[in-house]
Amino acid sequence: MRAADRMRREPVAVAAAESLGHGARVLARHRLGAVPVVRGDALVGLLDAADVARAHPSAATSLAIGEIHGRLDRVRLDRIARPDPPAVGRRTPLADAVRLMRTRRLAALPVIQGDRLVGLLTDDDLLELLAALLDGEPPPSRPRAA
Amino acid sequence: MHIKTLLTRPAITTGPATPLRDAHALMRRRGIRHLPVVDTGRLVGMLAERDVERASASSVPEIARHDWAEGLAGLVVADAMARGPLALHAQTAVAEAARLARDHGVDAFPVLDDGLVVGVVTRSDLLAVLSGLLDHRHPTGLGHVLAATSLRPGAARALGEALRIAATTGAALTALHVRAAARPVPGREEQERVAIERVRRHVADEAMAILRATGRAQDVRCEVAEGPVAREIARRAEELDADLIVIGAPARRRVLGALLPTLGDRLTPLAPCPMLTIPRAGALDARG
Chain A
1 MRAADRMRRE
11 PVAVAAAESL
21 GHGARVLARH
31 RLGAVPVVRG
41 DALVGLLDAA
51 DVARAHPSAA
61 TSLAIGEIHG
71 RLDRVRLDRI
81 ARPDPPAVGR
91 RTPLADAVRL
101 MRTRRLAALP
111 VIQGDRLVGL
121 LTDDDLLELL
131 AALLDGEPPP
141 SRPRAA
Chain B
1 MHIKTLLTRP
11 AITTGPATPL
21 RDAHALMRRR
31 GIRHLPVVDT
41 GRLVGMLAER
51 DVERASASSV
61 PEIARHDWAE
71 GLAGLVVADA
81 MARGPLALHA
91 QTAVAEAARL
101 ARDHGVDAFP
111 VLDDGLVVGV
121 VTRSDLLAVL
131 SGLLDHRHPT
141 GLGHVLAATS
151 LRPGAARALG
161 EALRIAATTG
171 AALTALHVRA
181 AARPVPGREE
191 QERVAIERVR
201 RHVADEAMAI
211 LRATGRAQDV
221 RCEVAEGPVA
231 REIARRAEEL
241 DADLIVIGAP
251 ARRRVLGALL
261 PTLGDRLTPL
271 APCPMLTIPR
281 AGALDARG
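Top to bottom, those sequences are chains A and B. Per my numbering, the very first residue in the first sequence carries number 1; after that it's consecutive. Per my numbering, the very first residue in the second sequence carries number 1; after that it's consecutive.
Just so you know, these hints were derived from the structure itself, not from any lab. Here a beta-carbon is modelled for each residue, glycine too, at the ideal position from N, C-alpha and C. Watch out, some of these pointers could steer you wrong.
Residues from chain A shown here face chain B by an in silico Cβ test under 7 Å; the list is partial [claimed, not checked]:
no.: 1; residue: Ala55
no.: 2; residue: His56
no.: 3; residue: Leu100
no.: 4; residue: Arg104
no.: 5; residue: Ile112
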């Protein structure tokens, strides 16, 4: 099984010029642990829920909720998202991709062709695959675009 | 397979009144990202490093300016932890844990045995099971074979070899015939379509004949493309994520013809995967 067999095609991505607040909302809306950051088609970063948590005001902030959202909306993603994002090719063995996600602590791993984003492996989809394999079911159908 | 088998160390826990920075230091020291929070022997919450980061000063200076340093110092675990976490019993099946993690968006479960916290199982632990399973049960073999066909006699040999490889490895097989791009002639589009369909059927018939002869059942997709042969084969191999391209060796050529690049020569720098050239029948027989 290779990365291409389990990746979501046409994955959700956020533009590098968008705000951190926008990225955080995309993560929440699509229930993703990480979302690719793109410039055009090209993968340029990865925004992780941990990046959002680190940028979030502390529990001892003097900012009100509305102010917090305003601030997050004024921070551009390319300041926060990890540059040089980890990624694999479509033909990477899935087992190797899973190991990379574990060692780099990634909730989602972009799949690229050249520098173009073509897919996304998510830990949710991989957990579903694990459950199916352990129960002896045929692997779930390829994840839909998300 | 029970999650008890995934627990490798005694549970490391913290208490609700522990200063948050102490709990964070404990996580870092032990290389963990989740701490069950226990109060007088009872599980009351779960503290993730993510929760600590969220509660701590912002990484963005203009936001961190509003963080109140004395307030931060006074934070305790109970201020940041998730209350009433979803806990698993030590006898829970790993498959069930994977489904619960996915359905409830849980990163780490406290594991209970007789009401006592005996450990933590994380997504990462579950994914380790997956990579092990994939290594053993689904070794990465050939997923897709692309066979380049032509209408020349003898090309069937390469297709036959590709079919044999696909059948023994369980790989999918696509037979591709590339025609030189015809110059579009207005009013002749329909004839062009008919011609392409005829070629596609011819390739399909050839594949079926070989299958019948070898008595194999195999799903073969037959396609026709137009354009420079090597480039089209390479492009399609890339699109299909092919693991192997099978082509036939060129016909015997005279001295001058031998100087021209073969399909293999042209395909080599373009091919996204390994390539196998099947010799002509005579060439193979001559070698015994």
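Results for each hint:
At about 5 Å, the closest approach between the beta carbon of alanine 55/A and any beta carbon in chain B falls short of 7 Å, and the interface hint on this residue holds. The beta carbon of histidine 56/A comes within 5 Å of a beta carbon in chain B, closer than 7 Å, and the hint placing it at the interface holds. For leucine 100/A, the interface hint is violated, the least distance from its beta-carbon to any beta-carbon of chain B being 10 Å, above 7 Å. At a threshold of 7 Å, the smallest CB-CB gap from arginine 104/A to chain B is about 11 Å, leaving the interface hint violated.
Taking 7 Å as the C-beta cut-off, the interface hint given for isoleucine 112/A is violated, the closest approach to chain B being about 13 Å.
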